[in-house]
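**Student:** Now for the letters of each chain:
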Amino acid sequence: MTTTRTDTATPSAPTAQRARAGGLIRWVLDPANLADWAALVGLVVLVVVFQALNSSFLSAGNIQSMLVAAAILVVLAVGQTFVVATAGIDLSIASVMTLAAVVFGTVFASGAGLLVAALAALATGALVGLANGLVISKGRITDFIVTLGTLSAASGLALIIADGKPRTIISGPLLRLATGHVGIFGYSFLIALVIAVVAHVVLFHTRFGTYVLATGGNAEAASATGVPTARIKTAVYVIAGVLAGIASILLVARVGAAEPAANTAFLLNSVAAVVLGGVSLFGGRATIVGPVIGALLLTALVNGLTLLGVSQFYQPLSVGVVVVLAAFLTRFQK
Amino acid sequence: MTTTRTDTATPSAPTAQRARAGGLIRWVLDPANLADWAALVGLVVLVVVFQALNSSFLSAGNIQSMLVAAAILVVLAVGQTFVVATAGIDLSIASVMTLAAVVFGTVFASGAGLLVAALAALATGALVGLANGLVISKGRITDFIVTLGTLSAASGLALIIADGKPRTIISGPLLRLATGHVGIFGYSFLIALVIAVVAHVVLFHTRFGTYVLATGGNAEAASATGVPTARIKTAVYVIAGVLAGIASILLVARVGAAEPAANTAFLLNSVAAVVLGGVSLFGGRATIVGPVIGALLLTALVNGLTLLGVSQFYQPLSVGVVVVLAAFLTRFQK
Amino acid sequence: ACGSDDSSSGSSAAAQTGKVAAVIKGLDNPFFQTMESGIKQAASTGGTSVTIQAATAITDTSGQADKLSGLAGQDYKCFIINPITGTNLVQGLAQISAKNVPIVNIDSPVDADAAKSANAKIATYIGTDNTAAGELAGKQMSTILPGGGKVALIGGISGDVTSGARLDGFKKGIASNISIVQTVAADWDRQTALTKATDILTAQPDLKGFFVANDDMGLGVAKAISNAGKTGRIKVISVDGNKDAFEAVKTGDLSAVVAQFPYVIGSMGMEACEAAMQGKTLPQSVDAPVQVVTKDNVDKALSSAPKPGESYTDPFAELLK
Amino acid sequence: MSDTTAAPAVPLIHDVPADAILTVEDAAIAFGQVRALKGASMHARRGEVTAIVGDNGAGKSTLIRCISGVHAPDSGRITFDGHEVEFKTPHAARDAGIETVHQNLALVEDLTVWQNLFLNREIVRGVGPLRLLDRRAMRSRADEMVSSLAVNVPAVGSRVRRLSGGQRQAVSICRAAGFASKLIIMDEPTAALGVQETARVEELITRLKSEGHAILLISHNFAQVLRLSDAVWVMRAGRCVAGRRTAQTDGDEIVGLITGARAGDIPVEAA
Amino acid sequence: MSDTTAAPAVPLIHDVPADAILTVEDAAIAFGQVRALKGASMHARRGEVTAIVGDNGAGKSTLIRCISGVHAPDSGRITFDGHEVEFKTPHAARDAGIETVHQNLALVEDLTVWQNLFLNREIVRGVGPLRLLDRRAMRSRADEMVSSLAVNVPAVGSRVRRLSGGQRQAVSICRAAGFASKLIIMDEPTAALGVQETARVEELITRLKSEGHAILLISHNFAQVLRLSDAVWVMRAGRCVAGRRTAQTDGDEIVGLITGARAGDIPVEAA
Ligand SMILES: Nc1ncnc2c1ncn2[C@@H]1O[C@H](COP(=O)(O)OP(=O)(O)OP(=O)(O)O)[C@@H](O)[C@H]1O
Ligand SMILES: Nc1ncnc2c1ncn2[C@@H]1O[C@H](COP(=O)(O)OP(=O)(O)OP(=O)(O)O)[C@@H](O)[C@H]1O
Ligand SMILES: [Mg+2]
Ligand SMILES: [Mg+2]
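Residue numbers (the working numbering), protein chains in the order written: chain A, 2 to 335; chain B, 2 to 335; chain C, 218 to 538; chain D, 5 to 275; chain E, 5 to 275.
Hints are all accurate, no fakes.
With a straight-line Cα cutoff of 20 angstroms, these simulated SDA-like cross-link-like pairs (lysine to any residue) come out:
#1 C:447 x B:64
#2 D:186 x D:88
#3 C:447 x B:60
#4 D:92 x B:221
#5 C:236 x A:311
#6 C:338 x A:176
#7 B:139 x A:329
#8 A:139 x E:95
#9 C:294 x A:311
#10 C:388 x C:365
#11 D:186 x D:90
#12 C:388 x A:164
#13 C:389 x A:164
#14 C:316 x A:180
#15 C:316 x A:60
#16 A:139 x B:326
#17 D:92 x D:35
#18 C:333 x A:180
#19 E:92 x A:227
#20 C:367 x C:448
#21 B:139 x A:282
#22 C:294 x A:310
#23 E:186 x E:86
#24 D:186 x D:24
#25 E:92 x A:141
#26 B:166 x C:257
#27 C:338 x A:180
#28 C:294 x C:336
#29 A:166 x C:326
#30 C:460 x B:170
#31 D:92 x B:232
These are computed hints drawn from the structure, not numbers from a lab.
Can you make the complete structure from the sequences, with help from the hints?
**Tutor:** Here's what the structure looks like:
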């Protein structure tokens, strides 16, 4: 029996080398990887179509306002990606953002500085995320129902803390955060971008990231290998919570007030961005680039329809159709 | 080598016999099956607590109005169960109900009879369901994103058809449907009950039901065995659509108008009822009793909180906490 | 409006180069549909072209802001806005003001401090104070319940600004012998209002009346009362002024409706824009008509809907003459 | 053809019998970059056990998945029972009379043992649209089927998820054997089985063969292959490099063919 | 003890050596109604291969899952390396020096081969919180590890989902063997392997043993057990009914013990 590599080892070894050498192009065109590019292709198509129909679509001003408008969704989608990568879902992400915004507003109004208020918002997000994570991983309750409960509870808490009323926040630094920009990149979009880059590094270049994907791919196998799956599950909800906290600051800066009425559109859009980004809801496979592009796509879609003056009743219809069409590109996914 | 059953065959064979003989009690107490009863236990606890705090909770009148209020959710939850059993999710179920209601109203207002209008509503549901199903199973697009698209598209269509305005529907038979009752059972609840019973028989006593569970449990294995998984996937979305159509008739009868309102609460509640009912979102395991009880639990919860006069700000908080507590009972689930 | 014809032919030249953009609130609420048709009607009379955008939901504050920023970069000569909250549109407004484009604020007011700090200039405000509308409803409740009694309040989505203002106004308007036993949120949804009202009827057997934050929910509450066979014995007052609600007043399902005439708000907003584009000076703030519609005046209200049955002052029509 | 090192036995490849129940000609399939089959040809005869052997990753499972309708080959021809076939789905293959025990077992973990056994073969009562499952009948039939193969018989009402590795395999084999078919394909059926269970499965295979069924057996166990099979095919790197009548070969030749130490009957290295 | 039919060999059960690296005493566990282990006792010595054999469903996998921290036994004592241990998690067992190749393979299908090989053993660069994965180092190490075992070497960058049955098993074994541990448990490691791969794994086991590792081997292949092991335990119905030095027993005795034709060393039938 031969123990050296015989030349019958042909079927896959050279293939692998070829793949490495042949490089990017072949990899990109491989149907299995096309899914990762679906959102990008969708975005490009959308941009081309809108630009053809309305030349101001790609004006610097409009690009800037689109990017700023997308910032909150990008941050939430990144948080949602971590949760989805472990085969979970965080339905409370938008409500936690609302709660954190209200906490921010209350702390700020009480005279504490901006920094203290911001830290309070982050802490709120982290705490709710921790609660979610512990109940899900230790209590072994389905994520869907736990975060649905938190969705309700967090909006209730927000109402109680704010006494049902929005609180106007007027602050110079916040205003600059909302309106300042470097070139066509608004500050808030830059913050979102930095978060996305860090998230990418964490997910693909640290142990923690590998554990997240392993937990999502096969929790049983991962834990048999010694991966602390319960702790990883908890951690991703904390991450989602903290990012919801960051998003809340961007939101307060953007709308100039801390409001207790929950913005439910962000919830479905955050998941939609993740799915359009080619991330499987069954966990184990994820990218950060995908969801970010997904979020940009959803924002560009609404912006474009508004620019084209599509009547308000026809907008939901168009959004629905375009979302499904964009998703058609992910059909190559396993 | 022995080919007869040796007595070393002890570990499982007699156990099985014992289980069959020992019967219900042991089966019920088996932690693995407790999950199936979680919703029921939750419901009973809730009823006991509410009755202790407010004696009118279990009055015949209140029970009747709770059951009627639960009817629509029961019908939707049954539809959602079929979809979830195949490891899918139908986010469009509430919007389809809205669309069907608007179609119902428009057809009815155009002078066609009640029956024609009802058939039109059912056909609308079936068509949208078919579209969902075909895109998901043939197009191989993630259910989440397809039904999210349909959610948006269906509500847009509803707005367009209704021109954004509610249409008052005055009809004797519809009024009887909404208000008539046999004992404490309103007609609409009876309809929901019949649907649930039929659904139970279909899911557990027909080939189709077995295929649904097999598709959800392991689509690859099921299709290797020759189960037409694509057709089964399509079928469950059609079922969900038709049930959304039936729900729309109950809705129009209940409020006396066909409105293009969003009805998002029904979406989340339909999934919550299914999950509280012990059905796994990963597919393959389902009951009908569970989601029905889950729907009753959610309805009783809101009813009880309102009876107790819990303030509007504290209601979302209480709902959230109770939902998570109820879900704690499903923690024994695999 | 016929007098405005000649001036509008002058302005229509301006109007052809000057399109108007309107951003209003939630999509699925008839109140805003009526407002939209008011805007459109006035635009077609004035020969102006208008783009109307709406938020996807009544809570979609940032979505509404996104839509306004999208339009703000475009070449519109006047903006009509109905913000969901006092501040959510401020950034877009700052952008618009920087280009010196006039802004007409209708229905819900923009927070004055926030507008000032962002350098956003509001040309005029047209609307009814929701608190005042609630107060009228409270007074009316006191009138139809002279002996006082228990009433319950049905609001929209918890935390919604409009709903909060209407309910607060109602509390101010009622006499001291009326006690508020319960406040619930029915999410602006007729079915939810029906369910919750049914529950309240069980919980409060001696309830005398409901105040409901909009007509759609009011109709749901009326249905709950008629299901319980108590029509007429329990009073319902709602706010908005939809045609369906007037019909219900006529049949007695609703006791009264505080009508705000979104149609008029919309058309006055459009007229204000036309006037502004002609360079006219606008009054700082204009009260839109409010009317309590009861069985006594409902026929008139119905026949003139969507405009008020009684005359009202429209300073912009004067300006356009 | 490269220089043939005087093979002692007759290569089957050049000798397709007229009564072959299954013939595969030049089947090829690629998954992305991986060419799992590169033109495999083989055949199997009625009433015989035909074995396929080969290294891990040689393409054995892929070949039988092409035959049983799981994959559609990119090119090549499959003839079954006298007709050229192109199964679009496993269902079609099953209808034509091909029953398969897959290597990955293809059981639905959340269904019970009896539900798995009767999946797509349910016993129903009643007529027309009102046909309901006869759960009792299926349970008791399932009990019989499983007891005949397994030693530690699992309760047929328990979910497959809870079974041990060998118990699952027994369920899988029961399913294929329980329903008479023209061709029964078994992909490493005894890999996870204990001694007693393996003996029973071998008995079962012999019985099925004597009843006239054709059997395609993949196995890494040479003793078993030599004991049970009438013909044996050797796969290497996506091709069937050699076929022999079992009686005319021995373990050493087969091992040589598998490792490539011995050249096969077709010019594989040339490709 | 029932009437002992003159066993030719010494029962190990009464003879726990002082230097045993692993001792299991009376381990019991039940899953709902199923008593998978009913008081199993066994031990393994340093530098030896200890085999466990038994019918399907006898409880072999469950026993080793208790040892490797996947399940916590309901009762019983496990002593490892001189200390009584109660592993709460597989992680704890691994830290203590127990590496396991599970029967269900425990691979994460969506991760690549190298990610699976280094799961929870990642090579990192940098210091403190800024430790990043050294992907290149892991890839090249992985390539070496896999080539030493597999014949049709899968690309280490491909996802495990795409591998053939045997390729997966090779990855799984690589993982366990690649990291020096005191005790390596292998649950049917060669079940899905071809001839060449099996030979390599057997070589690997012999090498690990000669390096002083203790190995616990579950196998249904008697020839393999007799070839490789120093001691063998027979499980039946949740108990270790007999233990023998391999040198003092033979296939027939073991088969008799497995089937129950021969009584074991402990009164199992009495329970
Ligand atoms: N769905 C797939 N996608 C990508 N590659 C695949 C797929 N299925 C099989 N392969 C590859 O094709 C080759 C042959 O696989 P196959 O499963 O047919 O091998 P096998 O001969 O059955 O091996 P074993 O004895 O290990 O079961 C392997 O290299 C495998 O990685
Ligand atoms: N998680 C579980 N839940 C319920 N029953 C289980 C579970 N794990 C194992 N069992 C049962 O315990 C018994 C022993 O299973 P185990 O997997 O230990 O057998 P084994 O000896 O490894 O068999 P094989 O040789 O087939 O792998 C079987 O009857 C099995 O059904
Ligand atoms: Mg194989
Ligand atoms: Mg085992």
